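Participant: Chains A and B, in that order, give the protein sequences.
With full-length UniProt numbering, the residue at position 267 of the first sequence is 267, and numbering never jumps.
With full-length UniProt numbering, the residue at position 241 of the second sequence is 241, and numbering never jumps.
Keep in mind that the hints were calculated from the coordinates and are not lab data.
Quick caveat, the model's predicted, so the values are computed rather than measured.
Any given hint could be a false lead.
One-sided excerpt, in silico: chain A residues whose CB lies under 7 angstroms from chain B [stated by the list, open to error]:
#1 L333
#2 V334
#3 P386
Yeah, the Cβ is synthetic: ideal placement off N, Cα and C, and Gly gets one too.
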Amino acid sequence: MTPLLSVKDLTVRFGATVAVDDVSFDLERGAALGIVGESGSGKSVTCRAVMRLLPPSAQISGSASFEGRDLLQMPETELNRVRGKRIAMIFQNPSSHLDPLMRIGDQVAQTLHKHTDLKGRAIRDEVLRLLDVVRIPDSERWAQAFPHQLSGGMKQRAMIAGALACQPDLLLADEPTTALDATVQKSVLDLLAQLRREQNLTMIFVSHDLGAVARVCDDLLVMRWSRLVESGPVSRVIDAPRHDYTRKLLASHPDRLKPRAFAPVGQGAPLVEARGIQIRYGSRMLSDWIAGREGGFMAVKQVDFAVRQGETLGIVGESGSGKSTLARSLVGLVKPYRGAIFFDGQPADPAGPGRIAYLREMQLIYQHPSEALSPRMTVQAAIAEPLRRHRLCPRDAVQGRVAELMSQVDLDPDLITRFPGQLSGGQCQRVAIARALAFDPRVLIADEVTSALDVTLQAQVIDLLLRLQKERGLTMIFISHDLAVIRRLCSSVIVMREGRIVEAGPTAKVFDTPAEAYTRALIDAIPHLKGDVA
Amino acid sequence: MKLSPMFVTGVALVVLWCVIALVAPKLATHDPYAIDFAAILQPPGAEHWFGTDNVGRDTYSRVIFGARLALYIGLLGVIAPMLIGMTVGLVAGYFGGWIDVVAMRLVDITVPFPFFVLVLSIVAVLGPGIENYFIALALVGWVGYARLARAEALVLRRAEFVLAARTMGFSSGYILLRHVLPNSLSSIVVYLMTDVTLVILFGAALGFLGMGVSPPAAEWGVMIAEGQTYISSAWWISFFPGLAMVLIGVGFALIGDGLARMLRIER
Numbered sequence: 001m002t003p004l005l006s007v008k009d010l011t012v013r014f015g016a017t018v019a020v021d022d023v024s025f026d027l028e029r030g031a032a033l034g035i036v037g038e039s040g041s042g043k044s045v046t047c048r049a050v051m052r053l054l055p056p057s058a059q060i061s062g063s064a065s066f067e068g069r070d071l072l073q074m075p076e077t078e079l080n081r082v083r084g085k086r087i088a089m090i091f092q093n094p095s096s097h098l099d100p101l102m103r104i105g106d107q108v109a110q111t112l113h114k115h116t117d118l119k120g121r122a123i124r125d126e127v128l129r130l131l132d133v134v135r136i137p138d139s140e141r142w143a144q145a146f147p148h149q150l151s152g153g154m155k156q157r158a159m160i161a162g163a164l165a166c167q168p169d170l171l172l173a174d175e176p177t178t179a180l181d182a183t184v185q186k187s188v189l190d191l192l193a194q195l196r197r198e199q200n201l202t203m204i205f206v207s208h209d210l211g212a213v214a215r216v217c218d219d220l221l222v223m224r225w226s227r228l229v230e231s232g233p234v235s236r237v238i239d240a241p242r243h244d245y246t247r248k249l250l251a252s253h254p255d256r257l258k259p260r261a262f263a264p265v266g267q268g269a270p271l272v273e274a275r276g277i278q279i280r281y282g283s284r285m286l287s288d289w290i291a292g293r294e295g296g297f298m299a300v301k302q303v304d305f306a307v308r309q310g311e312t313l314g315i316v317g318e319s320g321s322g323k324s325t326l327a328r329s330l331v332g333l334v335k336p337y338r339g340a341i342f343f344d345g346q347p348a349d350p351a352g353p354g355r356i357a358y359l360r361e362m363q364l365i366y367q368h369p370s371e372a373l374s375p376r377m378t379v380q381a382a383i384a385e386p387l388r389r390h391r392l393c394p395r396d397a398v399q400g401r402v403a404e405l406m407s408q409v410d411l412d413p414d415l416i417t418r419f420p421g422q423l424s425g426g427q428c429q430r431v432a433i434a435r436a437l438a439f440d441p442r443v444l445i446a447d448e449v450t451s452a453l454d455v456t457l458q459a460q461v462i463d464l465l466l467r468l469q470k471e472r473g474l475t476m477i478f479i480s481h482d483l484a485v486i487r488r489l490c491s492s493v494i495v496m497r498e499g500r501i502v503e504a505g506p507t508a509k510v511f512d513t514p515a516e517a518y519t520r521a522l523i524d525a526i527p528h529l530k531g532d533v534a
Numbered sequence: 001m002k003l004s005p006m007f008v009t010g011v012a013l014v015v016l017w018c019v020i021a022l023v024a025p026k027l028a029t030h031d032p033y034a035i036d037f038a039a040i041l042q043p044p045g046a047e048h049w050f051g052t053d054n055v056g057r058d059t060y061s062r063v064i065f066g067a068r069l070a071l072y073i074g075l076l077g078v079i080a081p082m083l084i085g086m087t088v089g090l091v092a093g094y095f096g097g098w099i100d101v102v103a104m105r106l107v108d109i110t111v112p113f114p115f116f117v118l119v120l121s122i123v124a125v126l127g128p129g130i131e132n133y134f135i136a137l138a139l140v141g142w143v144g145y146a147r148l149a150r151a152e153a154l155v156l157r158r159a160e161f162v163l164a165a166r167t168m169g170f171s172s173g174y175i176l177l178r179h180v181l182p183n184s185l186s187s188i189v190v191y192l193m194t195d196v197t198l199v200i201l202f203g204a205a206l207g208f209l210g211m212g213v214s215p216p217a218a219e220w221g222v223m224i225a226e227g228q229t230y231i232s233s234a235w236w237i238s239f240f241p242g243l244a245m246v247l248i249g250v251g252f253a254l255i256g257d258g259l260a261r262m263l264r265i266e267r
């Protein structure tokens with residue numbers, strides 16, 4: 001049998017840079033192929049080249065024959081009959097690929113209008129059937145909704161429904177779950193796996209997440225630096241990787257990292273304590289006052305926690321759970337509406353007059369490594385800034401201290417004159433950590449510091465944080481939506497949902513015997529390398 | 001960063017004008033103020049390249065000397081509005097609250113009136129002269145900079161590096177100066193270039209209306225006004241200063257557009 005899609009010697013160049021270098025693979029009908037790689041490895045470009053979605057500046061060579069016809073040579077008119085009808089694609093960010101002014105039902109109906117002879121009522125029925133297929137409940141109602149009324153997961157489902165509208169032979173999925181929360185991600189992956197079985201769908205699934213790919217696909221391509229480094233059945237690649245890079249990728253997966261044994265933390269007084277924290281956005285309007293409501297939006301409803309010296313507290317929760325807001329209140333970026341923060345037994349006011357002394361002890365590291373540094377400041381200037389500004393060391397010692405901090409976070413000294421735009425994400429994160437360490441703080445708060453990084457970088461940054469903690473006896477508060485990371489790093493954990501603490505306790509206990517259904521759902525959603533093995 | 005051809009052309013034009021202004025006495029063939037009744041209304045020729053006006057002054061020399069005035073007006077006229085506008089805009093955008101409300105209402109009061117009408121009426125009240133033109137510009141021209149700077153500050157105050165600076169315990173003034181200002185400068189510089197063009201053109205327009213530089217100064221607007229009665233018989237008196245104005249305006253406009261394009265690509 002000839003393969004449904006056969007890609008041969010595909011090479012894509014943008015000017016002098018080679019984005020995809022000589023990639024070949026075959027895809028049988030009914031198979032699911034995963035393409036894994038880190039950002040910039042060329043996995044998305046490969047996918048888009050097949051659909052001919054690349055900008056005109058891309059020079060493409062090689063061939064991609066779909067049922068014997070080369071997609072790369074096909075005239076535009078013929079290609080448009082294939083796109084959408086025979087090959088459909090879903091993208092990473094559902095909100096930017098849905099028209100905000102068009103009802104969900106109409107968006108799904110679009111391809112039906114274009115590629116089928118269905119009319120009027122038949123289209124409507126088909127749309128509702130499709131929404132049922134992707135398990136959007138109450139499809140009649142949601143078909144009338146606009147994209148902004150849907151959650152991220154629902155949007156992704158609606159996009160899948162649109163892609164399935166003409167019963168395509170091939171579905172290209174480009175990081176379809178990356179922008180979603182863990183539990184939603186799992187449900188979308190389950191849906192894709194199920195659709196494969198039910199509709200005998202052929203699929204290419206592009207992702208940086210090996211665990212996600214393992215859940216859906218049978219075969220795997222691993223890409224690095226625009227090249228294919230390894231290919232084979234998923235189980236074989238995971239159990240017996242042949243290429244060094246695949247091995248490294250697997251070793252970086254949270255599943256493969258050794259859980260840490262935590263030294264028992266003394267029963268001393270807590271170093272950081274939050275009591276009854278409530279945080280409100282927006283203010284109380286006159287109408288709220290009349291109606292007797294609190295007004296505004298309560299991002300954090302009631303949170304208490306305590307962290308002891310040398311301990312690492314994990315805060316987990318999905319987006320909108322209030323975990324980042326909570327972190328920001330600890331460093332004075334938002335003022336709690338009620339409640340108090342205690343540092344070293346003393347009441348602390350992170351936004352008040354004594355804040356400089358307080359902030360020297362408590363530093364926050366931000367999520368987006370490249371955005372946390374001013375684009376117009378060199379590495380040297382960024383790290384030296386707190387040293388100079390707060391006179392943390394004598395003026396003539398600044399230079400030496402910067403070099404010392406850079407070596408502590410394993411930054412190449414040659415990078416000192418670079419601007420953030422000339423650094424990689426991992427390097428930027430190291431600069432941000434070095435800058436926080438300049439204060440010699442006792443507490444480090446890490447707000448989703450790994451979520452914008454590739455897996456291998458993630459593992460490196462986590463190792464760095466662990467080492468620093470050990471060396472300096474740092475107390476850490478680690479905020480993440482990634483439970484696998486939390487499990488590795490934290491001695492105790494609190495689980496947040498909608499501004500409240502759902503569950504709290506020592507990490508091992510919470511993970512092994514979760515008391516709450518929500519915690520269990522979060523733990524189940526961790527993508528593992530092997531389908532069911534925990 | 002790749003230089004855009006627009007930018008290079010613009011810079012070349014502006015540099016050319018600056019050189020002309022600097023070495024004007026060397027380039028001029030005649031004294032720009034020397035009246036010569038033996039040679040009135042001469043068409044362009046070997047002796048007078050751009051012809052002469054109704055009292056026999058050499059148009060070419062006057063255009064060359066006019067560059068000095070044009071650049072002086074253009075470059076000096078934008079300084080005060082830029083400084084005022086940038087300060088107000090950045091402070092309003094960064095702090096928000098009542099400062100923002102007050103500043104933006106001031107802007108709202110100014111915006112509905114056509115810019116030139118407002119400048120003209122202020123100059124009319126204060127009396128003719130470049131100094132009063134500068135005062136009028138400072139009173140009215142800051143509005144554009146303020147809106148632009150405010151928009152930048154609104155975005156930047158939520159940027160993680162600004163938050164990081166706050167959590168490092170830096171003062172607001174310091175953050176504004178070291179983090180917000182440098183990162184909002186690019187769009188302000190682009191606007192500055194278009195503003196220079198505008199200020200030169202309006203300066204000339206004031207001269208034309210007799211409310212700017214007063215005759216017999218070699219100012220392009222004044223020259224156009226002097227030539228308008230002879231426009232059918234001696235077109236060159238008004239034509240060459242007009243052409244000079246276009247060329248200097250295009251120069252600054254190209255720099256502005258080119259910069260905008262280059263900075264956009266860089267992001």
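Participant: Against each hint, give a clear statement of whether it holds in the structure.
Facilitator: Taking the hints in turn, this is what the structure says about them:
1. L333: L333/A check passes; min Cβ-Cβ to chain B is 6 angstroms, inside 7 angstroms.
2. V334: This hint is violated: V334/A lies away from chain B, its Cβ roughly 10 angstroms from the closest one there, beyond 7 angstroms.
3. P386: Where the cut-off is 7 angstroms and the nearest Cβ of chain B is about 5 angstroms from P386/A, the hint holds.
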